[in-house]
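The lines below spell out each chain.
Protein chains: 2
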Amino acid sequence: MSLTVVGSIAFDAVKTPFGERPKMLGGSAVHFALAASFFDTVRVVGPVGDDFGDPEIAVLEARGVQTADIERVAGGKTFFWSGVYGWDLNDRETLATDLNVFAEFEPKLSAQSRDCDVLFLANIQPDLQRQVRAQCADARFVALDSMNLWIDIAKESLLAAISEVDCVILNDAELRQLTEQPNLVRAAAKVLELGPKVVVAKQGEYGAALITQDGFFSLPAFPMADVHDPTGAGDTFAGGFVGYIAAHPDAPLSQELLRRAMAYGTALASYNVQEFGTERVARLTSAEIADRVAQLAEITRFTAEPLALRD
Amino acid sequence: MSLTVVGSIAFDAVKTPFGERPKMLGGSAVHFALAASFFDTVRVVGPVGDDFGDPEIAVLEARGVQTADIERVAGGKTFFWSGVYGWDLNDRETLATDLNVFAEFEPKLSAQSRDCDVLFLANIQPDLQRQVRAQCADARFVALDSMNLWIDIAKESLLAAISEVDCVILNDAELRQLTEQPNLVRAAAKVLELGPKVVVAKQGEYGAALITQDGFFSLPAFPMADVHDPTGAGDTFAGGFVGYIAAHPDAPLSQELLRRAMAYGTALASYNVQEFGTERVARLTSAEIADRVAQLAEITRFTAEPLALRD
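In order, the protein sequences belong to chains A and B. Counting in this note's numbering, the first sequence runs from 4 upward without gaps. Counting in this note's numbering, the second sequence runs from 4 upward without gaps.
In isolation and in its complexed conformation, chain A is listed as follows (with noise of 0.2 angstroms):
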């Protein structure tokens, strides 16, 4: 079984109130991947430029990641990104996007890429994904992510990536922008309309949802004293989803399977948040992930009592 994931490779400047990095490894490609990488072979396609080298790659291999289908552009330079947090950090402005090699990216898969279980289709064009999706025409699961840029200039492209996909992993306010819907139930419900069968909602902060035809599931964020960078953490938390679904080739898309997958998502996405990019995941444990996964049930659970009330 793999895993194939294909997305930005990048270079992020990050300031936030608690640090800065001039030039760290990002991209949604790489957050997912080094969190998928805890349960299943993941392979990675994407563009680099010259300026990529052997740390970036020994960060990728180091957790095992394959990553002979990263493109190096000769004479290009490696997609770069720059944004500065604010003291509340949903607050993030963005310096800089220089797409530099993902301007003309056409995604090449090799026959091992294409060969995959599960596929990850990150945020890029929705005609790319559509592509890689009708490359991988074996997949049992292909899940896509996207961004408000895609609903605003190309959302019929954007539907149509949806109704290939079996999960569609979005922000809540995509997701009502997307679907022209008040809330995320009647947004969700029109998102599978179209033929995904999954529907999960990242809330930042608050958590993530996750709706499907058998039901609503919610899951908070873990609570952080110190959260020092959210960059990558939408890709890390879908990296822990969608590789928990990788890991369980035999099983049925049920609520209980899909609900641990959010669980370990939002335990990765955790451990992103607390350091400068990919910094904490890869150096993570697998005792770890599964020590906040154990706290997520305990800060969760309640039991609901019968009780006589007042009519």
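Keep in mind that the hints are not guaranteed to be accurate.
Covered stretches of chain A (in silico footprint by chain B; criterion: 3 or more residues with CB under 8 angstroms from a CB of chain B, positions within the stretch not fixed) [stated by the list, open to error]:
#: 1; segment: 27 to 38
#: 2; segment: 201 to 215
#: 3; segment: 220 to 233
#: 4; segment: 260 to 273
#: 5; segment: 284 to 293
Don't read these hints as lab results, they were simulated from the structure. Predicted, not measured: the structure shown is a model, and the values here were computed from it. Cβ atoms here follow ideal geometry from the backbone N, Cα and C, with glycine treated the same way.
Got chain A; can you put chain B on it based on the hints?
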């Protein structure tokens, strides 16, 4: 046993994308009392004007709420609030806040109201909250709500009031503002240092979190396809939460008890927002509340099964 609430009694004019009401019964004490009436005998303390009549009293008395301490100010007008909600119901614009009789409010508690077992100090000027709290010296559990206005103009009074109660129920943004901390975990820890044993962070559509020295608990809001008017949701939540504690006079304030109280508060609040003002809660039944508490348990349940991860 009995529960006393001191707060506003109001007429609200509300417009949302789903309808409008030019003049409906509202106010923090009213929403709280209706919710808490399912759990205990509730006494309301607050002022009204000549325009407050038998129909409004009847809504409270139909739920068994004791109205003898509702002070009728001759020649005065009842507190009036007017607001418009946008398509995103988190966007609320206040059009008018006419304090009227509320401007000169000096809480006058009857012996019965002072003799309460549990006291809720709804959002009023913090020095008034302290006066009331001092009059109810024997109350075994006292909870307090407030708002950003008092943090801005009466912070020292509010901090003093907080130091004299058992439980603080605030929006999470207010908790961060009050304590000047970047996140809920740190903000709640600061409030616990002031004296209270229980901190509840209301998070609107995302639910609520509970923090005590013993632990952290997070509960999502009940997922709703139709929210028609969020006015009073926070006070209705508080009524269910504090009411549940009032209904258990001999139980220690354990996480177990408080978590169930959170579920009842959340269930009550979910009904409140389904229709305008007090309309839905006024005709609610205990079976409906129990049903939604059970559903809350279902939508938050997951089991953390061990999984062999790849280190």
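Taking the hints in turn, this is what the structure says about them:
| no. | hint | in the structure |
| --- | --- | --- |
| 1 | 27 to 38 | violated (count 0) |
| 2 | 201 to 215 | holds (count 5) |
| 3 | 220 to 233 | holds (count 8) |
| 4 | 260 to 273 | holds (count 5) |
| 5 | 284 to 293 | holds (count 4) |
The structure shown violates just one earlier hint, number 1.
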